[in-house]
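Same order as they appear, the protein sequences are chains Z and D. At position 11 of the first sequence the residue is numbered 11 (the numbering used here), and the sequence of numbers has no breaks. At position 157 of the second sequence the residue is numbered 1157 (the numbering used here), and the sequence of numbers has no breaks.
For the record, the hints were derived by calculation from the structure and aren't laboratory data. Remember, predicted model here, so these are calculated numbers, not experimental data. Each residue gets a CB set at the ideal place from its N, CA and C atoms; glycine is no exception. Each hint should be verified, as a subset may be incorrect.
[What the hints assert, rightly or not] Facing chain D, a subset of chain Z residues (Cβ under 7 Å, in silico): (1) LEU25; (2) LYS65; (3) LEU68; (4) SER104; (5) SER113; (6) ILE147; (7) THR150; (8) THR152; (9) VAL153.
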Amino acid sequence: MKRESFILIAALLLGVPLLAQSRPLTVTGVRGLTFGAVLPGVPRIILRTDPANSGQFDIRGPNRKQVLLSFVLPAAMIGPGGALMPLSFRAGDAGYSQSQLIGSQVGFDPRQSFTATLSNNGRGSVFVGGRANPATNQRAGAYTATITLTVTVLP
Amino acid sequence: MRRVFAVAAILTLSGAALDAQGVMVAPHAVFIDHRLRGGSVLLYNPGTEPVEVTISTIFGYPVTDSTGAITLRTVDAPDSTLPSSLAWIQAFPRRLTVGPRERQTVRLLGRPPVGLADGEYWLRMVIAAQAGRVPISGVADTTAIQVGLTLEVRTIIGVNYRKGPVTTGLALSQLRAQIVGDSLITRARLERRGNAAFIGTIRQTLMDSAGRVLDSYQSPIGVYITMEPRLVNLISPSRLGRGRYWLRYEVVTEREDLDPTVVLKAPAVRDSVQVVVP
């Protein structure tokens, strides 16, 4: 926070035209979605309330600011030789917490947008779980995909 | 069975050991005056790894769906009926790398067409930043499945370009409210007036039949065209006894998160509705 304040003050002194002068918005990827050990043909489910394996994004911004949260979710991960491993996300796989505590989330469907309000001190966290669905003949190797969280500042 | 164990894997989507990564964006709303025709956004990387950032622009404005949830309506190719500045405001650079604990500035330059009418014109700036990547490594068994998921964050902020006299206002109608469990749920139709977005705050006050204030709530709101937002607030105390209550609903052009000089003034609008707890 001290560092952010310093940067803001420096920006103001240098004449950066911050016409809307309030706390800036920072969205940070904190923890990735971790599936752990899986077996071919056995789906692996991670709950958004899983403190070790769920994905987490932290948001810092103006107090009580409204933001619109939406995800771009991959349908599959791409592996060796173009092999695919399906991923799926269902209603309730995402959660939002003003207190940033994983145990006090309001669940939402990551496939739809969700309006969140930052806390009285301008904080919030987004948690996400999901399902990996390896096939019975899933090819070995490295699989990759990208999960995107879009934070739209309202208005 | 052996094959099963051979293929069994550690599936890690970006890994628990992810270094926190992201980018700070300031300000979170940009207002450009036609006389200056430019603005800027500061990006700061508070992390320890460089962050690749891509800048783009879209046209969109908040609306509500049939349930009252707020969404961003985007239009790929806005026509002349929409107050879009997408065609003539440029952001640069479009790609940049922000080093650890470094800051960089993205500039916005307006080149409006000759004869542009007075009013407010909108676009949204999209700041896409890598938010973390876990290297796929560390599994000695080459028959294993390994998965690494790159996290990306897109921050979308509003850019409002104002030319000449700009005015705003609001018409409030169809106010309704109900108490469901421990929540007060309200909806109202908000229609913007004037030639600029109405940026303000909804203030709600719940009173008993004697006019005593039981609770009050505030929600920031931006009405670009028309919307009918559904607001849900927890009631304190959590349970109201049977009876009749009043909800006072007021929308004012006040915002604590914005510089008052960029918030257009307009008369407050208000209404009240009775709420019955059976």
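Results for each hint:
no. : hint   : in the structure
1   : LEU25  : holds (4 Å)
2   : LYS65  : holds (6 Å)
3   : LEU68  : holds (6 Å)
4   : SER104 : violated (13 Å)
5   : SER113 : holds (5 Å)
6   : ILE147 : holds (6 Å)
7   : THR150 : holds (4 Å)
8   : THR152 : holds (4 Å)
9   : VAL153 : holds (5 Å)
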